[in-house]
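Trainee: We have chain A; now place chains B and C onto it with these hints.
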Amino acid sequence: MYEFNYHRAKSVDEAVKTVKGASEGKFLAGGHTLIPTLKQRLARPSDLVDISAIRELQGISVAGGTVTIGACTRHGDVANSKDVQMAIPALAHLADTIGDPQVRNRGTIGGSIANSDPGADYPAAILGLGATIHTNKRTIEADKYFKGLFETALEDGELITKVTFPIADKAAYEKFAQPASRFALVGVFVSQGKAGVRVAVTGAGVCAFRVAEMEKALGAKFAPESVANIKVPSKGLNADIHGSAEYRAHLVTVMAKRAVAKANG
Amino acid sequence: MAANGIGVSVRRIEDYRFLTGRGTYTDDLNRPGQVHAFILRSPHARAKIKSIKTDKARRADGVIAVFTGADIEADQLGGLPCGWMVTDRHGKPMVEPAHPVIVKDEARHVGDQVAVVIAETRSQARDAAELITIDYQALPAIVSTGEAMSKSAPLVWDQAPQNLCYDWALGDQAAADAAFAKAAKVAKLDIVNNRLIPNAMEPRAAVGDYDAAKGHYTLHTTSQNPHVIRLLMSAYVLKVPEHKVRVNAPDVGGGFGSKIYHYAEEAIVTWASKKIGRPVKWTADRSESFMSDAHGRDHVTHAELALDQNGTFLAMKVSTTANMGAYLSTFAPCIPTYLYALLLAGVYTTPTIFCEVRAVFTNTVPVDAYRGAGRPEATFVVERLVDEAAKVTGLDPAEIRRRNFIPRNAFPYQTPVVVQYDSGDYQSTLDLALKGGDYAGFETRRAESAKRGKLRGIGLATYIEACGIAPSAVVGSVGARAGLYESAVIRVHPTGSVTVLTGSHSHGQGHETTFAQLVAERLGVDIANIEIVHGDTDKIPFGMGTYGSRSLAVGGSAMVKAMDKIIAKGKKIAAHLLEAAEADIEFKDGTFSVAGTDKKKALAEISGAAYVPHHYPINELEPGLEEQAFYDPANFTFPGGCHVCEVEIDQDTGTVNVVKFTAVDDVGRVINPMIVEGQVQGGLAQGIGQALLEGCVYDQKSGQLVTGSYMDYTMPRADNLPSFTVSTHNTLCTHNPLGVKGVGEVGAIGSPAAVMNAVHNALAPLGITRIDMPATAERVWKAINGAPRRAAE
Amino acid sequence: MPTVSMTVNGKAVSADVEPRTLLVHYLRENLGMTGTHVGCDTSQCGACVVHIDGASVKSCTVLATQAEGAKVTTIEGLAQGDKLHPMQEAFRENHALQCGFCTPGMVMSAIDLVNRNKNPTEREIREWLEGNLCRCTGYHNIVKAIAAAAQAMR
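Chains as they are written, first to last, in the working numbering: chain A, -10 to 254; chain B, 601 to 1393; chain C, -13 to 140.
In isolation and in its complexed conformation, chain A is listed as follows (with noise of 0.2 Å):
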């Protein structure tokens, strides 16, 4: 790691307004994904700030048909949480499929959605409940957050605060690892709720992205076989040593029938 200051926020402004003053700063929660990278230099960030003890950002509820995560919130507690999985199960699992047992247990939502990686498990969560990303600014719907390879809807200094999901009539998640990295090479949830059916992707692509022709035919038909025969076209999808566009396409297809057997119990 190259130097830096460190700094612990107390609160979100002191957070933001630390990070603002910085050359080039960065916000620390969990740190599973930006201290790997520090390690790696591949980023020189001037400052962290820490906002892992900023009380308003912790956190789970469940009200008004909504389940509430603040940004802090680790894996493990939202995999582990009574309130998800009784909610959102299907969220649940996929908080348990995140890394492993100690990137669980630091790890958080907030880092996870904040970086974007290609292949991480919460992207397609929030694409594929159609949750809300709350900012200290603003909030900004899921179809609008996604932007590309570890790119975001959110400005410099623009802080997750919270992530609410609508809480689904049915819903699930499967995913194919990287052998190596368990990442996911291809993700799939699906859902089905008041605002209809949503497929989205994770792994395959640049970032987490929908599968419209997927949504329609299960909006018919809420089974596996509506989309067994549906395949994403492989052109601009991720290929890497672990799988091929074509081979991802192919996964999109298999998790997706997987997920909807799934949702359906």
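For the record, the hints were derived by calculation from the structure and aren't laboratory data.
Note that this is a predicted model, so its numbers are computed, not measured.
Calculated pairs, DSBU-like style, for lysine-lysine (alpha carbon to alpha carbon, straight line, at most 35 Å):
(1) Lys130(C) to Lys1035(B)
(2) Lys1051(B) to Lys130(C)
(3) Lys15(A) to Lys(-3)(C)
(4) Lys653(B) to Lys875(B)
(5) Lys130(C) to Lys1054(B)
(6) Lys874(B) to Lys1139(B)
Covered, in the sense of this in silico footprint (three residues per stretch, anywhere, with C-beta under 8 Å from a C-beta of chain C), are these stretches of chain A:
(7) -7 to 7
(8) 25 to 32
(9) 35 to 49
(10) 90 to 96
Glycine included, C-beta positions come from ideal geometry on N, C-alpha and C.
Mentor: Using the frame of chain A, we list chains B and C on its own:
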């Protein structure tokens, strides 16, 4: 039998310190005044170094020194030596390029050392390294084993046309051709033995500490063989007197071959410590390990087996290209030759074998021994080929093996490829493994899997290995530049407790327990009163270290020899004390007694008398009770056995799961069954890893190491593996005093072939004939997707 | 340099550290507690696992400053005098370690599992160990040891 003697699963003596965080690994050592080295490595697969500017780095915070290849050259350091000379089929010596400690003019693989920065802290050294400016001229590189000899391939070394290190052959080609001409059937196979990265969990580390007052160098290092490092480093690299160098390999966190070799960093920290007058520590980051630890395997092979009408093997022809990497690592040349071709008879009576091996240079990390070293490659060729032969003859894979086994009563058995097997019982290990793995019930399980939409397959490997490496005269005659004996000192203290000094090195094998059991059994001493000392050249006699499953067969035999001397001397002392004839003295369970009487002396009384020789045959016998022995084995040992693997394949994704694995191994006499099983289980995980998960990938164009971290190199994890069913059926080695064969590598030798035979068996109904290792999900899915007979049809 | 204070194995400790100091380096270098190991640089191998406030974490991916005020437990803090923790004892009894390098992290991780799940199945144990690499044992005996320790800890 002693309470904690041979055959007892004694819980390990070394575990207490490891379980309480009190092991002492190299990176745990800190010397007063110690500073830290960071090695700057080439980012290019091949590049000319036009200039290096280090001024800024030298002026950076905390920096003590920056050294480059020019400094190494100015001090006239030698290159890293190669310990084996292979002579090619025309009598020509292999091409043996220089292997500089720090390169000066050209970097030849990603990770090649180009400079070292020494600073007060590790972070400062790394910070400063970024201030070094190197003007590289990137050059075209070759990384592919199969393409290395092609006309268009750039040359790694000008002195090696076609990138050929050697073109070696073994056997009678004409006889093999004649046998093939008469064959009723021929099985043919093209296979790749995938390149692996060893990944012992402890990254390599080294601390150099020069004592100017005594002119004495100390190197603490992560080594499997400290004396070999001392010899190579002092005599060939640093060119300093061997007696002025101490090499200490303390607790070492796994080796699997990768810590046999003398590495540049060891010489750098030792040399630099003298240059700057302070101890210098270097510890690899895992990313550095990936690009600087010697890799393993990496063969491309075409093989053929000629058969008669009945499925009897008539002859085998094998042609292999083996990747050496950019430089010759310490034992690299012997791995694809003498540790490979000599094993191609397998457990069969194949009368004629011809093997040719072309070793090639590429712009990759050097390749050397990795668990099994040559023998897994040979087993993979033979056992995949035998399954292919089963296919062309229509025989069951178990049946064709039975028809060709070397029979129980044929030992000693001379193979057509130099070696003579001393013992074995291949029929029984096969039968037991088939029973244990319920081979007969497989079709029921296959049908059950099919109901769930899964493809199930079963595969066998009846393998052999040669270990207990090795008779010095034999290896010397084929190019080894070292002997391969082992040493031991048995020191019986005045009170009767025992210290054993061994040249073997334990880095997970549990020697501190197994060797203590051996001594407890032989000398009748309580295991609590025995200590095994290893790893420090200032304490132990010159030894060759641990690799090639040799520690018990060779090092243990040295202990037996030394103990025999102790007993012989003890009898003389006892005869004197008991006023009896030496010939009448018997030794049993720690007591010397006069045959047929109740006159006796315990070992502690004898040792007491030896060190306080008041009443002692001082005219005939020296005081003291300490003996040393060197043991040079008469032959290799030949463990073997049968591995049976069962896999299930998800057709939708191509994922292969190992659902059942049964191993029945013949490892000779077992000292500690618990440790033996543990060794097999660990080897199986590595073999299954090779078959399904692990594969080193270089980008063919840029020569970059794509699998440069655990993000891309798939290490076997707990959830990738099943529980194993492991047992032994042992025949004794006939030429060492313990009857032991060795167990360190068997798990990794038999298993890749068993797994891949199972994968091919599962996919055969679809008409799929070739899947290379690692059989990743995508690879299998692609095959299923393009299969001649789709599963759905 | 910021000052960081925490409790390690029940003992209050405090030091000035560079902000870029990782918890594992603080433990190994500042406190001389070398039982916690570093086996990779990508937060995967788990040789560095310790407990922070009772939860297993990778100390190579936590800044020392992030552990301010925390209760840290390392492998050195498990045994009561000469008496091993039941997990340590089960590892010894079941030969769940060979070279010992992954062992401290493996043991710390396993204790966290059993604290959460008193009766884990083989599958649950294997899945929990996703963040702990071992190259020696093939995991067979580690899985056995954890199951045995779970019984002993009940």
